[in-house]
Amino acid sequence: MVTSTAAMRSEVRRSRLARSGLIALALGYVALLLVAPVVGIVWSVIRGGIAEIGTTFARSDVIHAFYLTAIVAVQAVVITTVFGVIVAWVLARDRFAGRSIMNAVVELPLAVSPVIVGLMAVLLFGRGGWFEPFLAARGIQVIFAVPSMVLVTTFICIPFVIREVAPVLREIGTNEEDAARTLGASGFQTFVRVTLPNIRWGLLYGIALATARALGEIGAVLIVSGAIQGQTETATLYVLRALEERQEPSGFVVALALAAVSVAILGAIEIFKRNRERKEKTG
Amino acid sequence: MRFMRLAAAGIAVGLLAAGCGGSSGDTAQAASCDPNANPLTVTFAAYSTPREVYGKIIPAFQAQWKEDHDDQQVIFQESYGGSTTQSQNVVNGFPADIVALSLAPDVDAIKDAGLITHDWTDAPDEGMVSSSVVAFDVRPGNPEGIADFNDLAAPGVEVLTPDPAQSGGARWNIVAAYGAALRGYAGNDKDDEAGAQELLKNIFSNVTVMDKSARDSIKNFESGNGDVAITYENEIRTAQDAGLEDEMVIPPSTVLIENPVAVVDKNAEQHCVEEVANAFVDYLHTPEVKDLYTSVGFLRSTDATEAQKGGDGFPAIKDLWTVDDLGGWDQIDTDVFGDDGAFTKAFEEAQG
Amino acid sequence: MSLEATPRGGLAIPTNPRTRSALPPARIGLRVAAILYLAALIAVPLVAVVTTGFRDGFGSLSSAFATLGARQAIQLTIVTSLAAAVINAFFGTLLAYVLVRFRFPGRGFVSSIVDLPFALPTLVTGVMLVALYGPASPIGAWLAAHGVHVIFAPLGILLALLFVTLPFVVRTVLPVLLELDTAEEEAARVLGAGSWTTFRKVVLPALRPAIVGGSLLVFARALGEFGALVVVSGNITGKTLTAPVFIFQLTSQFRQPEAAAVSTVLFAMAFTLVLVTDRILHRRAPLW
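Chains as they are written, first to last, in my numbering: chain A, 140 to 422; chain B, 360 to 711; chain C, -1 to 286.
By construction, these hints were calculated from the structure, which means they are not laboratory data. Ideal placement from N, C-alpha and C gives every residue a C-beta, glycine not left out. Treat the hints with caution; some may be incorrect.
Said to hold, decoys possible - Some chain A residues flagged as far from chain B (calculated, every beta-carbon gap over 10 Å):
1. Ala157
2. Ala275
3. Phe283
4. Ala318
What the hints assert, rightly or not - Derived DEER-like restraints, expressed as beta-carbon distance ranges:
5. C:Gly57 x B:Gln710: 17 to 25 Å
6. C:Pro173 x A:Ala197: 43 to 51 Å
7. C:Ile137 x B:Gln599: 24 to 32 Å
8. B:Glu411 x A:Lys418: 55 to 63 Å
9. C:Pro173 x B:Glu411: 25 to 33 Å
10. C:Ser109 x B:Asp393: 52 to 60 Å
11. B:Asp600 x A:Phe196: 23 to 31 Å
12. C:Gly55 x B:Gly669: 24 to 32 Å
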């Protein structure tokens, strides 16, 4: 046991030093690893001139790239949300043999590198692919066209909504839904009026995660799209091209824009959630 | 609750947008089969290096077409990448109406797949629109003293050249090294095939990375990797025009690179744009466009003896030859790139 | 089992929590929909990859690995991913500890920024590194002049992986730390143990599953990273060519069976890790 006051004082000083040291180390790591690159790109964009931002966003290929990114993301997110809720429901509420397999399958896309997703699409829809003869006979273009881009982005986004909604469904239990049922509500009414409000934060957060992921997809679309400027070039593909064409400033502008949108979406959900939780606590 | 309704409305709008956007996106090509539609959409697939020059040529063509055709607008959807990759993509369904590739075999691959139905060489300059030579991109001041292909084989020299399975430029580079050696340059005896193969082996022992296209390769070099990049003369010119410090060294004996352009008939017919596609290809052979190509370093002459002399900002070359001097591409495909080809063997040995 | 409202308008709330809350046909419909969705979108494509890759036994796999640089690509991927896992295990735990136990100005900011990599597109991460350390930036030029290459060099790959995977360990360790009862630590201190000993003998063992789980996630995630590396790595065979970029090359060269073989190996590794991690973190278990 420490008895001498001098020893105690130096012990306190040492632990305060250690404390500051640890904080400094942690903050230093975050500053070097995370903050520096963000500052770097913002500074590069500013250095390239604010005018560059205007000219970049006035370009028709940039506008189309953002438009295409949005279209592909919306389709992928809608599909994975609708079916994601269904799968989450089945995982949380249903009991059947093979549920653990289903759960494992849901986790699979997280372990698959995006380039492998692109390869999968090529194997199914490219020339000599499993479904290619069927589609070619009907004149349907999948690879080098938007449908393949939607498909690969959908695959990649599958786990997000499911993983956010299923635990919530399990936690809230079926009491309220059963109550609604006894009051005569149909399954659908119960879902919309009782279940959805209860899972809304998990659902919204899952949608936000899926959207951010879809906006940023590069590996798979690089393989399947053909990067046709003005047709199958997404914002991320545009950034790649800008760097290749030695137009780094406009590439940086678009990259920063993508980052800002993704961060805004996730940040907004976080803020809403915290506000609601605060209201629920006080109200 | 209001939030939920807002969210639901948002999703509904999204669905609508997706439905309209998605369908218009993927049927844009197939839907309009009216050659008088305004605007017309043409898909243009090219190799990786001529981005900048087509960035100038295409607007000029669009303006002229608009004037001559009652304000009809032509939209060009461009795609750039390694020549062989682009060629294979078109064979596999990429809906290109016009292809501008690095070398004739890549266009022939598309013809062999039945997508080009006319004789594309039956055009001015046998279908070639631009030319260049294989050259070396070195560091300012040429610290390694690179002068010829055998300097690339010296121990400790790091060489950049693209992947011949994806890039047309890569194949030109290999042909140039091989041909120069056979012609008695690069420290090799004339007609010594074994020596030429040895040269290839030693060069490729020094290759540190094989990028997927010529453009990727030179960008890799510019970011500080390697001592020398083998590339097109016009690629180095483009970099210099962009203010970068690439320095060019042309070996004494090198090959005349000739780049073909052709209309992909089957696709152009399907999209009802044959007229405008053919007009564009014809446009590329006109004197104004030739001047434009020349001004950015993309056109020596498509005649080897003329090109050798230089002029118009191009340095003279000691010994400039064409693929015909090696027997033509068919012969080269066997002798150099075939299963028993000089490069195939050399590359295997270099790996070991 | 019928549920009826009591005559006076009250509710007969079923007490059995396992009451089926949907009619059988709807329930089966949902189940079928879920199965078809997952089968069509996940199972079929994965089967396509595995069968294409192993169509002729291990032939495609061995010819893929015979390619120049293939073995080095796998090696580089594993080494850099391992390094990222170890480094972020240390710093992730440190960050979590500092965020939970200490109060300091900017704590909220740091807590939010740790989640930033989850929000950012991976390509943007690579572009940021190019902007900061590329030859055109003053920092990049200064470093290069002193022999430190970041872009198109292994250091850049490591930085990109560290950036992208930082949140994983923090997010697994933080909740555990929050719930940790400090009674044991106080007891240790009363008994005369120094802070470091207390941490080592009391806190660390409690955190170990979370740290290990988080690190495995880092490793699995880093194995498959492509977007951040495509502009940073430079594909230098033997130095900066990673497995995902190698798969991309094989696919671009239309060597599908070989690409599929290497892909199967890569995702089998990653998936095994994800499953093991879930078990360690007891995360998915509560689902049923």
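Right, here's what the structure says about each hint:
At the 10 Å boundary, the C-beta of Ala157 of chain A stays outside the reach of chain B, the nearest C-beta of that chain being 41 Å off. At the 10 Å boundary, the C-beta of Ala275 of chain A falls inside the reach of chain B, the nearest C-beta of that chain being 8 Å off. In this structure Phe283 of chain A is not separated from chain B by more than 10 Å, as the shortest Cβ-Cβ distance comes to only about 5 Å. For Ala318 of chain A, the requirement that its beta carbon stay farther than 10 Å from each beta carbon of chain B is met, with the minimum near 18 Å.
The supplied range of 17 to 25 Å is met by Gly57 of chain C and Gln710 of chain B, whose beta-carbon atoms lie about 19 Å from each other. Between Pro173 of chain C and Ala197 of chain A the C-beta distance comes to about 47 Å, which sits within the given range of 43 to 51 Å. Between Ile137 of chain C and Gln599 of chain B the Cβ separation comes to about 26 Å, which falls inside the hinted range of 24 to 32 Å. Taking the beta carbon of each, Glu411 of chain B and Lys418 of chain A are about 57 Å apart, inside 55 to 63 Å as hinted.
Range check, Pro173 of chain C to Glu411 of chain B: Cβ separation about 53 Å, and the 25 to 33 Å hint is violated. Under the hint 52 to 60 Å, the C-beta atoms of Ser109 of chain C and Asp393 of chain B, about 59 Å apart, fit the expected range. Remark: the range hint 23 to 31 Å for Asp600 of chain B to Phe196 of chain A is upheld by a beta-carbon distance near 26 Å. Range check, Gly55 of chain C to Gly669 of chain B: Cβ separation about 57 Å, and the 24 to 32 Å hint is violated.
Comparing the model with each earlier hint shows violations of hints 2, 3, 9, 12; every other hint is respected.
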